[in-house]
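Whenever a hint applies, use it, and build me the whole structure from the sequences.
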Amino acid sequence: MPVSSVVVQCLEGTADSVAVRISAFTGVEIQGVLPDGQIVAIIEADDIQNEVDLVSKLHDVIDVVTVRLAYHNFEDM
Amino acid sequence: MELSRRDFLKASAAAAAFAAAGAPLLGSNNADAAEAGIKWGKAPCRFCGTGCGVLVGVKDGKIVATKGDPAAPVNRGLNCIKGYFLSKILYGKDRLTKPLIRKGNKMVEASWDEAMTLIASKFKEAIEKHGPDSVAMYGSGQWTVFEGYAASKLFKGGIGTNNIEPNARLCMASAVTGFMTTFASDEPMGVYDDLDLGDTYFLWGANMAECHPVLFSRIIDNRLKNPAVKIIDFGTRRTRTSQMADQYIKFTPQTDLALLNAIAYVIVKEKLYDEQFIKKHVVFKKGKTNIGNGLEDKFKFTDDPKPMTFDEYKEFLSTYTPEYVEKLSGVPAAKIIELARLYADKKRKVNSLWTMGFNQHTRGTWVNNLVYNVHLLTGKICRPGENPLSLTGQPSACGTAREVGTFTHRLPADMVVTNPDHRAMAAKIWGIDPKKIPEKPTYNAVEMFRALDRGDIKVVWTQVTNPFQSLPNLNRFRKGARKGDGRFVIVSDMYPTKSTEVADVILPSASWVEKEGVFGNAERRTQQWFKMVEAPGEARSDLAQTIELAKRLGHGNLFPYKYIEKEMWEEYRQFTGGGKDLAPYEAYVKSRGLRWPVVNGKETLYRYAEGYDPYVKAGEGIKFYKNKKDDGRAVIWARPYEAAAEAPDKTYPFWLCTGRVLEHWHTGTMTGRVPELKRAYPSAVCEMHPDDAKKLGIKNLQKVKISSRRGTITLPVDLNGRGKAEKGNIFVAFFDETKLINELCIDAYCPISGEPDYKKCAVKVEKA
Ligand code: SF4
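Each protein sequence line maps, in turn, to chains A and B. If you number the first sequence the way the numbering used here does, the last residue is 731 and the count never jumps. If you number the second sequence the way the numbering used here does, the last residue is 777 and the count never jumps.
Hints are computed from structural coordinates only; laboratory data are not their basis. Source: prediction; values computed, not measured. Worth double-checking, as some hints may not be accurate.
[Unchecked claim] Distance condition first, Cα-Cα at most 20 Å in a straight line; then the derived SDA-like pairs of lysine to any residue:
| no. | chain 1 | residue 1 | chain 2 | residue 2 |
| --- | --- | --- | --- | --- |
| 1 | B | LYS234 | A | ASP714 |
| 2 | B | LYS68 | A | ASP730 |
| 3 | B | LYS733 | A | MET655 |
| 4 | B | LYS68 | A | LEU665 |
| 5 | B | LYS234 | A | GLY667 |
| 6 | B | LYS234 | A | LEU665 |
| 7 | A | LYS711 | B | LEU728 |
| 8 | A | LYS711 | B | ARG731 |
| 9 | B | LYS102 | A | GLU729 |
| 10 | B | LYS234 | A | PRO689 |
| 11 | B | LYS234 | A | LYS711 |
| 12 | B | LYS68 | A | MET731 |
| 13 | B | LYS278 | B | VAL292 |
| 14 | B | LYS71 | A | LYS711 |
| 15 | B | LYS294 | B | TYR333 |
| 16 | B | LYS736 | B | PRO657 |
| 17 | A | LYS711 | B | MET317 |
| 18 | B | LYS234 | A | ASP690 |
| 19 | B | LYS239 | A | GLY667 |
| 20 | B | LYS234 | A | ASP730 |
| 21 | A | LYS711 | B | LYS102 |
| 22 | B | LYS48 | A | MET731 |
| 23 | B | LYS733 | A | PRO689 |
| 24 | B | LYS234 | A | GLU729 |
| 25 | B | LYS68 | A | ILE702 |
| 26 | B | LYS71 | A | GLU729 |
| 27 | B | LYS71 | A | ASP730 |
Printed below as a string of structure tokens:
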């Protein structure tokens, strides 16, 4: 099962509300909301397909500017 | 066990993300535990010209993890979503692992020896019968520096033909000719630091949020810290970038030429220009007008630059009143005046950024010239935080195609085959007779494939690119490749593509960290990496393939190296003094890239600027020293607005624009292999304005037939996609190999750069 971490950058003043919205996605675990509007999250899913669908979905959430990948481990795939 | 390993991995993932986001490290003990057994190596990303750093984790000979490289100044530990799939692109199920030779309609496995014997015999036969200009190499901005250098040396210095072109002709050539005509030296004066340091960003036809997301994030970070930061997005289509911009300015395709002249008009009329800067650093010139569109085979154009005075330039601008340009472009005159004032505002640090909207343009060179005009008039150039910056699409369009010079007319380091001194220097470094390098350029990319269609070129070898999907007016070239009569197409790639379909021989290539390499990114940063894993099956690097052909053609003496990459680098470096200086190989092994010129071990941030560029003397301030013929000054060009090669009419009433999307890269050869990317953006759609759809009675997701004078395809309409077409325009991405949108595109090109216009042709849309 792959594990990855992403940094979600939000429009000014929206990080908290974005965090609430994306924490509702199964497989997204919010690790922290930083004061400068960035959200750190872990992405987990049964397979890479689901994991990546999630990342694409995050991208399309309103007020999300970019989703960037910090770490991706897929050693048991 | 499984659970705890997973916890370690999660800790590791979280730690990497917090560190990259600039927060203190958390859970580092667990993170360290997760790293056990993984060996990390640095490499630049395989995909775009941003040149992000990646750490590649290898365990038991396989890539098992990747990280944004925290030590990489470009991306500081974070990659975009395409970086997500970097390692997986090497492990697609249909990876090519054996050479294949065409037997009738079948491709049959063969040994390397058989394949190379056949290829060499075809080269020899064509050269004997039809001369060296009957064979050609078509490469790529994804070639490593070594692969491009070896191909150029073999073709120009060994075989004796200038028949070598990179696919960068399709994406960067206008940027090159823009730089060369304005500054007499290719590549930008500024660097990515300008994205952090400026406060005003004009984006011209660049969907940075999707195509250069990491760089776009740097601008957004900047804006979060500095509320004065403004982003102005000029476009013909509303994108994710437009959503994030402070202003979105829509304009009619092709009228960017008029808009930039109107901005210059206002700056001049209101005396907002920097008079001292102009006096010291600028000359004015005009060139030919009504220069054609390259639509006829063997089209040739030579400009005839004539000097002019500032007053004559003002006279030239007088046509481009905001009111006149409003009529052409649809941008209100008041808006043009407002934006011209913003460009010229002395308190603002202004940057212009562009990609294919400018470059893929029948007047691509001109529009590049025109944006420099605005920066030169206002003196907002060569200073930290204020520069024009041309972005690139491929990881080494700059490093290989442009710096090594793998175009028909070029030699390394801005040198050209038409100059006898340059040929002599190349011949000396290569240890060959100067007469070997022909003095005349042959074909640009489009002309190369026209020549194949006509039969003037018999043998063409393509490496790391997919021309039989990416060329405009594609039908002609796909048919041309299979016309027989001695034509022979060799395709080196890692996966089957639309190009391998028309090949006579397919060679399996090693990719990315399966070989050692160097790429150069859009801010002049040269980055090196080592081989980390074996290529599958019998796949070999393109470098090894080219050298193998050289040996079989009797040119093995051109490649006498033991440690090929290092020795070839040191040889290549001899070309690069005088402002293009590259450092010894070891310097790149140690660093996360260095921006040239690198002099005495120091990289250069701002070219032509005293205190930064070692070639500018104390007291000179700014010196465009590469432009010797104009006494170290840059050129402001009087370049008029001229119409597109094909514009909508009654029969074909829509503009068609093509481009990229976030999840896919270029023709999708690599990203299309990753099932999850396919799912997020599975196949091409036609973006259309809802009002246009309504008029035609077309509903969302309904299939439509799109036709141009050259071809037809059927696609679903998307009215709610990420991108929104303006009225009268449609947009289709070109990654989808089952929907070849390029069959519809026109093969018109900029007469100066030879770069085709993929952004403008006329189509009709009907219910399918
Ligand atoms: S922005 Fe470009 S270089 Fe950076 S990770 Fe994405 S595709 Fe790779």
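* Could you tell me which of the hints above the structure violates, numbers in ascending order? => Violated hints: 1, 3, 4, 11, 14, 15, 17, 20, 21, 23, 24; rest satisfied.
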